[in-house]
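FYI, the numbering for the sequence shown is -21 to -1, 1 to 265, going by mature numbering (1 follows the signal peptide of the UniProt record, and there is no 0).
Among the hints, a few may not be true.
[Said to hold, decoys possible] Taking lysine-lysine and the DSSO-like style, the derived pairs with C-alpha atoms no more than 30 Å apart in a straight line are:
hint : residue 1 : residue 2
1    : 7         : 132
2    : 133       : 7
3    : 61        : 7
4    : 218       : 61
5    : 220       : 7
6    : 265       : 220
7    : 96        : 7
Just so you know, the hints here were simulated from the structure itself, not pulled from any lab data.
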Amino acid sequence: MNRKTVIITCTLILWVASVIAQSVNAPKGRIAIVADGNSPDPDDLGGTAVSLALLRSAGLENRLVHYSHSCDLVRDDRISEKAEKERHHLMQVACDMTARRWGGFDHLTFYDAIWQKEETINDLCWAINASSIDDPLWIIEAGEPDIIGMALKKTPKEKHKFVKVVTHHPANDNAGDFYTWQQILDFGIEEVRIPDQNINLKLDHDQWDWARDHTDPRIRLIWTIGNIAEVDDIVKFQKGKWDCSDAGMVFYWITGATNGGIKQGTVTDVKNILSNYIDKNPEIKK
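Work out the full structure: start from the sequences and follow the hints.
Written as C-alpha cells, this is what we have:
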C-alpha cells in the first residue's frame, strides 16, 4: 500500500468515526421502551434486537430504565392462541439473548406486559416517578399505548410534565384496547411525533445481507432474530422484508431527539453505529 493510499484510508476512517461520534447526541434524561411483538405484526423482534444493540453501541445502555414487550393486551383474531404464546417466548428471547450477547443490561429486567402485567406497570411507574425537569423520561411507544396509560394513571400528575412519549405511527396510537391516544395526551405528557420509520427501516431482505454475512456473531444474532419475522406465517406483509422500524425511534433519541435528532434513520446509519462498536470491542475468544 503506497503512502497516498494510506493517507486516504486513514482519512476515511477518521471521517467515519467523526460522523458516528457526532450522531450520538442523546438528550438529558432516561429512556423506556414499551413494545408489542405478540400482535400479528412481528416486526418488534428485529426492532428489539436493533434497539438494544444501538443503545449499547452508543454507550447509553445504562440510560434504559424500562423495557417491556407483548403490550397488545387483547389478542387479535388474526393470531391464534398457540402463535400468540410463541410470540411471547420469541420476544423474551429477543430481549434476553440480545442483552446477554451485547452486554451492559444487567441492571434491567425485561418484562412481559401480559404475563407480568402488574410488575410491568409498576416498573414503568418507578421510572415515571423518578422523572424531573433535569431527568425526564422518554417513553418509546413501540406498540399499543395501554401500558403507558395504566402507568400514567397510577403516578402523580405533577410528574407527567417530565414525560415525553415518542411515536412514529398512528397504527400504534389508535390500537389501544383501554386508552385512546387522546387520553394519553390528556395526562399532560409531551407528544414527540416523528415520521413513519417503515420507510427507511422496513426494506427488502437483501439490504440486511451485510448483517447475515458479518464475521461477528453479535451482528449475525441481530439478523437471525429479525429474520424470524420474515419467515413467520401469520402475516404476509413481512415476506421479503427485514424490519426494525420501531428501532428508528431509539435512533432518533440517540442522535438528539427534539434537539436535532435524525428523524429518518437508515440501514446505513444503523450499520455504521453497530459496526463501529464491534470494531472497537471485538468479542473475547474463549
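Outcome of the hint check:
1. 7 - 132: holds, 24 Å
2. 133 - 7: Holds, at roughly 24 Å.
3. 61 - 7: Not OK: residue 61 and residue 7 at ~42 Å, beyond 30 Å, violated.
4. 218 - 61: holds, 21 Å
5. 220 - 7: violated, 34 Å
6. 265 - 220: violated, 35 Å
7. 96 - 7: Holds, at roughly 29 Å.
The earlier numbered hints that this structure contradicts are 3, 5, 6.
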